[in-house]
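If you read the protein sequences in the order shown, they are chains A, B, C and D. Going by the UniProt record's numbering, the first sequence opens with residue 1, and the numbers climb by one from there. Going by the UniProt record's numbering, the second sequence opens with residue 1, and the numbers climb by one from there. Going by the UniProt record's numbering, the third sequence opens with residue 1, and the numbers climb by one from there. Going by the UniProt record's numbering, the fourth sequence opens with residue 1, and the numbers climb by one from there.
I should point out that these hints are in silico values taken from the structure, not numbers from a laboratory. Glycine included, each C-beta is placed from N, C-alpha and C at the ideal position. Among the hints, a few may not be true.
If you want the ones that stay clear, here's a sample from chain B, every Cβ over 10 Å from chain C, calculated [as the list claims (entries may be wrong)]:
(1) Tyr-7
(2) Asp-21
(3) Arg-24
(4) Glu-33
(5) Asn-99
(6) Lys-141
(7) Ile-189
(8) Ala-194
(9) Glu-228
(10) Arg-269
(11) Arg-317
(12) Ser-319
(13) Asn-321
(14) Leu-360
(15) Pro-372
Here are the computed lysine-lysine pairs in the DSS-like style, where the Cα-Cα straight-line distance is at most 25 Å [what the hints assert, rightly or not]:
(16) C:Lys-198 / D:Lys-253
(17) C:Lys-278 / D:Lys-145
(18) C:Lys-169 / C:Lys-198
Facing chain B, a subset of chain A residues (Cβ under 8 Å, in silico) [what the hints assert, rightly or not]:
(19) Gly-93
(20) His-96
(21) Leu-98
(22) Leu-272
4 protein chains.
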Amino acid sequence: MLADRKYRVGVLGASGYTGADLVRLLIAHPNTEIALLTGERKAGMSLKSVFPHFVGYDIPDIISIDEVEWPAIELDVVFCALPHATSQDVIKGLLHSLNHSILDEMIVTTTADQANSLRSEVKVVDLSADFRLRDTETYAKWYGKAHDATDLQKKAVYGLTEIYRDDIKKADLVACPGCYPTAALLSLIPLLKAGLIKTEDILIDAKSGVSGAGRSLKEQNLFVEVSEAMHPYGIGSHRHMPEIEQELAVASKNDVTISFTPHLVPMNRGELETIYVKLEGNETPETLKAALLSAYENEPFVHILEGSIAPATRMVRGSNNCVINVFPDRIPGRAIIIAAIDNLVKGSSGQAIQNMNLMLGLEETTGLMQAPMFP
Amino acid sequence: MLADRKYRVGVLGASGYTGADLVRLLIAHPNTEIALLTGERKAGMSLKSVFPHFVGYDIPDIISIDEVEWPAIELDVVFCALPHATSQDVIKGLLHSLNHSILDEMIVTTTADQANSLRSEVKVVDLSADFRLRDTETYAKWYGKAHDATDLQKKAVYGLTEIYRDDIKKADLVACPGCYPTAALLSLIPLLKAGLIKTEDILIDAKSGVSGAGRSLKEQNLFVEVSEAMHPYGIGSHRHMPEIEQELAVASKNDVTISFTPHLVPMNRGELETIYVKLEGNETPETLKAALLSAYENEPFVHILEGSIAPATRMVRGSNNCVINVFPDRIPGRAIIIAAIDNLVKGSSGQAIQNMNLMLGLEETTGLMQAPMFP
Amino acid sequence: MLADRKYRVGVLGASGYTGADLVRLLIAHPNTEIALLTGERKAGMSLKSVFPHFVGYDIPDIISIDEVEWPAIELDVVFCALPHATSQDVIKGLLHSLNHSILDEMIVTTTADQANSLRSEVKVVDLSADFRLRDTETYAKWYGKAHDATDLQKKAVYGLTEIYRDDIKKADLVACPGCYPTAALLSLIPLLKAGLIKTEDILIDAKSGVSGAGRSLKEQNLFVEVSEAMHPYGIGSHRHMPEIEQELAVASKNDVTISFTPHLVPMNRGELETIYVKLEGNETPETLKAALLSAYENEPFVHILEGSIAPATRMVRGSNNCVINVFPDRIPGRAIIIAAIDNLVKGSSGQAIQNMNLMLGLEETTGLMQAPMFP
Amino acid sequence: MLADRKYRVGVLGASGYTGADLVRLLIAHPNTEIALLTGERKAGMSLKSVFPHFVGYDIPDIISIDEVEWPAIELDVVFCALPHATSQDVIKGLLHSLNHSILDEMIVTTTADQANSLRSEVKVVDLSADFRLRDTETYAKWYGKAHDATDLQKKAVYGLTEIYRDDIKKADLVACPGCYPTAALLSLIPLLKAGLIKTEDILIDAKSGVSGAGRSLKEQNLFVEVSEAMHPYGIGSHRHMPEIEQELAVASKNDVTISFTPHLVPMNRGELETIYVKLEGNETPETLKAALLSAYENEPFVHILEGSIAPATRMVRGSNNCVINVFPDRIPGRAIIIAAIDNLVKGSSGQAIQNMNLMLGLEETTGLMQAPMFP
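Turn these sequences into a full structure, and let the hints guide you.
Encoded structure:
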């Protein structure tokens with residue numbers, strides 16, 4: 001593909017914070033052109049009415065998804081930043097209306113006519129939870145409804161880029177991980193794959209900025225409720241747990257049950273996870289760190305910090321970076337792994353673009369190398 | 001003692017945030033009169049020059065401790081809010097200069113003259129770490145210097161009010177717990193005493209506002225470094241660990257080694273601890289909660305929250321309250337206990353006044369029943 | 001009245017931030033008992049469900065105003081913290097149902113029976129804007145509806161305590177000033193009364209914490225929108241303008257038109273006003289300061305700062321205090337007056353209690369002398 | 001010049017927040033290569049030790065300015081982010097050591113040898129105040145020392161890009177405006193040039209995030225002092241005043257004396273100015289707005305907002321944008337102009353790079369078109 005080609009990109013659900021950060025990053029991307037923005041509550045509004053910080057940027061207005069003229073709009077990529085449980089229907093409908101080639105293997109008998117008709121190759125990057133869980137029964141249990149696109153689920157690739165890079169390159173549909181799973185899995189997968197830590201007793205104490213809660217109007221997200229304050233939430237019931245467990249099970253080839261407790265911290269962006277693990281056999285914090293250094297030595301976005309430097313959210317703010325370090329625990333036989341990401345970037349929109357780059361055959365880092373913003 | 005008696009109170013080290021909060025609470029206390037404020041760097045300044053929010057309150061100027069005229073100043077209570085490792089020398093010197101009765105048992109032979117001379121009964125409430133560790137070897141190890149007042153240490157009572165109330169009533173010298181130990185111990189001691197949780201594998205993930213770091217000039221405490229950010233610190237090395245372990249050992253009658261990881265959160269006040277424990281035998285989160293409810297049912301400042309309400313720092317801001325709740329962990333055989341306090345009040349100045357009330361024979365809640373400040 | 005008498009107090013509209021701060025201050029008040037809390041959306045809930053920081057305090061549940069059994073509930077004081085434009089109807093209805101003596105002069109003919117029937121003397125402290133504007137035409141213009149209780153308006157006293165103290169002592173209905181007017185008027189009234197500044201060209205640049213916007217769900221009050229950001233609002237149209245102009249006109253005996261521009265600042269509490277004025281004749285910043293010092297020299301809550309100390313919101317947080325100072329302007333013939341208050345206390349609930357104290361014949365400072373909370 | 005040429009850039013004083021933001025923006029710039037970073041206190045450290053958010057970026061270590069090997073280092077551009085009053089000596093010394101062509105006109109007699117020796121053409125962009133004031137007497141008065149490079153001052157161009165674009169293109173030494181002057185001057189210059197507002201009675205009420213105070217250790221910049229609080233500072237004495245007055249005088253061809261009051265707001269970045277002006281003759285807010293629209297209609301970074309949308313700092317965070325709007329004042333004959341910038345970008349490092357682009361003949365927007373970061 002040509003280095004200066006502009007791919008036509010659409011963002012479904014552009015009026016939330018995730019959508020806004022996608023647009024921010026796409027503006028800086030040299031190979032994309034924002035061709036479509038949808039949003040139901042804000043349909044008909046200019047993006048700068050919804051997000052005034054986009055004044056001065058030439059971006060399409062927000063329209064209702066029902067107004068999109070498929071396939072005439074000729075998108076190369078669709079980012080789907082819709083609420084959980086609505087994403088699956090929208091994507092299924094979209095792919096059918098586009099007569100997408102991903103459907104071929106899913107349809108047992110295909111007439112010559114169908115096979116010959118124009119096949120779309122649009123790439124779909126879903127940022128919701130709808131295609132993250134391989135087991136649609138697990139999905140139904142945690143999301144309270146049956147999965148409506150179980151065939152499509154089988155075609156979806158879990159978009160944790162550093163782990164599934166090769167699959168993502170070939171994928172038509174990528175399900176981007178949640179923000180909490182991203183930091184947890186980057187920290188733990190290399191250790192479980194190498195058998196350095198036990199699968200029992202993995203405790204994840206997570207802290208997140210408020211943008212993770214979205215732009216919807218809830219009393220608990222008002223400034224006065226959150227500022228100068230902090231609290232845990234979703235204790236023992238947060239929906240990111242099954243996603244983490246699924247991928248840890250893949251890595252360890254065993255079932256894994258985790259403890260996961262998220263906390264809301266008075267900051268806009270940023271996520272920090274303090275992960276308490278038990279060491280296998282003669283392993284030490286040093287051997288864990290060596291394994292992470294080895295796993296990520298050539299990764300552009302994952303950095304294992306030197307010495308005993310503690311990861312901090314200010315190290316990654318606004319960037320696609322993840323910083324990790326390993327520390328001894330005072331309790332013998334245990335270690336502490338700490339990771340920080342920006343929940344909206346590596347935890348959401350940035351990783352989505354990282355995946356898009358791979359799916360389009362672009363350099364993986366394209367448009368994502370901006371430094372964190374500190375202060 | 002008379003309900004309207006005014007006890008003369010001195011604060012040594014009044015120019016830090018702890019000192020400021022002592023003054024704030026003493027202003028609201030009906031039975032105290034602030035008779036002395038000391039501070040070395042700010043000696044000679046009015047308190048309102050050091051803390052402009054005290055404009056309009058009639059409070060003595062800050063003087064150097066060397067300028068205090070003992071015993072003529074006739075204090076009833078001395079709060080010592082000096083830095084760790086300087087407190088012990090100051091208190092020892094003070095007690096000697098006052099010919100304090102606490103010294104009697106510590107001095108093998110006493111002449112009739114000495115015994116007959118005027119004995120001071122001033123009460124000392126130390127907010128530093130200097131008298132918290134019963135084992136002065138442990139002190140030396142964690143604080144990097146030998147303890148200079150080992151005899152005095154034996155007379156000090158650990159000032160976790162709800163646990164040591166009876167001893168505090170009779171004490172002349174009370175060593176107030178650190179902020180982190182206060183929340184951790186209130187959560188864990190009743191459970192260990194009753195044998196409901198295991199002593200192994202107690203993991204404490206703590207989060208604190210920035211006032212805990214004090215008013216000293218360090219780059220990491222600048223607004224720009226902390227705001228819109230968070231990070232862990234002192235991982236595996238924080239000096240509050242031995243203090244927590246000491247008291248858990250007392251409660252469980254066994255040695256206890258804990259994991260303790262504090263984090264700095266962008267807020268002025270507030271502390272939240274998420275404590276991960278293993279259940280003994282057939283215990284459940286419900287039996288743990290029942291034990292806490294029973295232990296604290298008559299306590300004015302410790303509140304076990306109903307149902308699954310999550311403790312939040314905004315529930316206790318500015319107050320002497322502690323809120324606690326117990327949650328099931330997704331990992332079988334484990335539970336999560338969460339506690340919130342205001343680090344400067346129940347974690348420091350408020351508990352110090354609570355102890356003073358007991359030492360003086362006042363109602364324990366005197367001057368401490370103000371509601372939290374939310375917003 | 002007896003020093004230890006407990007007056008029965010009701011708060012109508014207790015589920016907002018103003019209501020919460022009234023409750024916080026009333027808990028600390030030695031002469032009040034909270035006998036009633038109403039709230040329509042939260043009717044039937046315990047206060048601690050609505051404001052979890054009140055856990056541990058024994059306070060009545062919130063009920064609907066329709067459920068109140070007047071006059072059986074036997075209130076001595078009613079605080080009305082209802083939304084603008086609903087307050088007038090509620091108070092009018094309440095007074096009629098109580099057969100309140102304030103109505104006597106308003107009713108031309110009274111039968112002997114009516115005159116003899118039991119007269120209520122309940123004191124009403126209104127925190128809304130409904131009785132602040134003496135001219136009900138002005139009210140109608142700014143609030144978009146005719147005033148429904150014009151007779152009652154004539155009986156209302158404007159509750160800027162330091163200015164209208166004598167009237168408030170005799171009043172049955174006090175209309176507490178808005179937060180912005182409080183700081184502006186305390187700064188300007190003594191200067192205009194003494195003819196030290198011109199009435200033209202008074203510019204007030206005001207900055208407020210977010211609690212002033214209330215607890216209602218609006219996108220602009222979400223944490224993420226406000227944190228790490230600031231902006232002006234209501235430019236040239238804020239409803240506190242006519243109230244300020246009304247009182248400045250009284251003080252100067254001339255019509256006054258002001259410029260007033262409020263800004264939202266990312267903090268929970270606090271209000272700062274930077275007021276730009278033109279000096280009369282030979283007046284100087286020094287003569288202005290002297291006039292303020294003289295006007296407030298015996299005031300317990302208003303403090304003119306020494307030298308060139310700049311007022312800051314952290315000097316008054318949580319307290320009923322107001323700090324003011326005067327500065328030379330670089331433009332000759334002008335001066336800058338800066339004032340800071342806590343918008344929820346002196347700007348709302350604290351001043352309301354200050355007024356209540358006067359109306360009940362209590363010491364004006366009762367329950368209000370707690371020091372500001374810094375940090 | 002070639003579109004893909006990499007200019008070698010040095011940053012003197014790279015360890016402050018301004019230096020950090022220069023590095024952030026230069027990393028995203030396609031035509032620069034960071035060849036030198038100096039800092040005295042941090043000399044010998046890696047940049048990521050000083051600013052851990054730069055982990056993963058390949059940037060030179062910080063060295064002392066004395067260690068720089070001029071001219072061998074072959075810089076094309078030097079950014080000087082040194083403290084006020086030290087910048088002039090450093091730049092003078094640097095230019096002499098480089099035998100810079102800018103010196104030619106300043107030296108009355110030049111020997112043939114000197115004239116023939118290699119002339120440097122390095123571009124110098126100074127971010128300090130040292131070359132902003134054309135009148136070195138004014139400099140001496142406000143900065144408390146005589147100017148040491150008065151000849152060089154005459155060659156410096158004031159780097160307010162939108163106003164002095166043509167001069168900047170030809171300049172060797174550009175003095176970038178202060179953050180406050182940038183927003184004030186962009187708002188006022190077109191209006192004064194067109195004679196739409198009076199030169200008397202211009203009042204600027206400014207609000208800034210804390211990064212403007214720099215990274216030096218001062219009590220007033222500690223998190224706890226600033227968070228949940230705000231205050232004015234430098235009232236009537238801030239050093240940005242003469243700079244604003246100088247440029248307003250140029251625009252209006254008259255002396256101008258302004259009122260300027262800055263305030264510190266609890267946010268990292270962002271600056272908002274509320275400017276109160278008097279209208280000339282028949283001018284109205286609408287004619288002012290039309291003039292600004294006309295002045296900036298082709299500007300890539302200055303945006304006049306539609307309708308009555310209020311500028312907010314969140315609209316520009318992290319970007320080189322400036323948003324402005326005009327509002328009617330309630331006082332007849334007056335108007336209010338409000339502008340917002342990011343103090344570290346358009347107010348400092350971003351404008352510096354904008355100027356560099358012009359000085360090097362690059363497209364002015366190169367490396368500066370990233371969207372603001374919201375949330």
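Hints, verified against the model:
no. : hint                  : verdict
1   : Tyr-7                 : 18 Å, holds
2   : Asp-21                : 8 Å, violated
3   : Arg-24                : 4 Å, violated
4   : Glu-33                : 14 Å, holds
5   : Asn-99                : 35 Å, holds
6   : Lys-141               : 32 Å, holds
7   : Ile-189               : 20 Å, holds
8   : Ala-194               : 23 Å, holds
9   : Glu-228               : 5 Å, violated
10  : Arg-269               : 6 Å, violated
11  : Arg-317               : 7 Å, violated
12  : Ser-319               : 8 Å, violated
13  : Asn-321               : 6 Å, violated
14  : Leu-360               : 21 Å, holds
15  : Pro-372               : 4 Å, violated
16  : C:Lys-198 / D:Lys-253 : 29 Å, violated
17  : C:Lys-278 / D:Lys-145 : 34 Å, violated
18  : C:Lys-169 / C:Lys-198 : 32 Å, violated
19  : Gly-93                : 35 Å, violated
20  : His-96                : 38 Å, violated
21  : Leu-98                : 40 Å, violated
22  : Leu-272               : 6 Å, holds
Hints 2, 3, 9, 10, 11, 12, 13, 15, 16, 17, 18, 19, 20 and 21, counting from the list given before, are not met by this structure.
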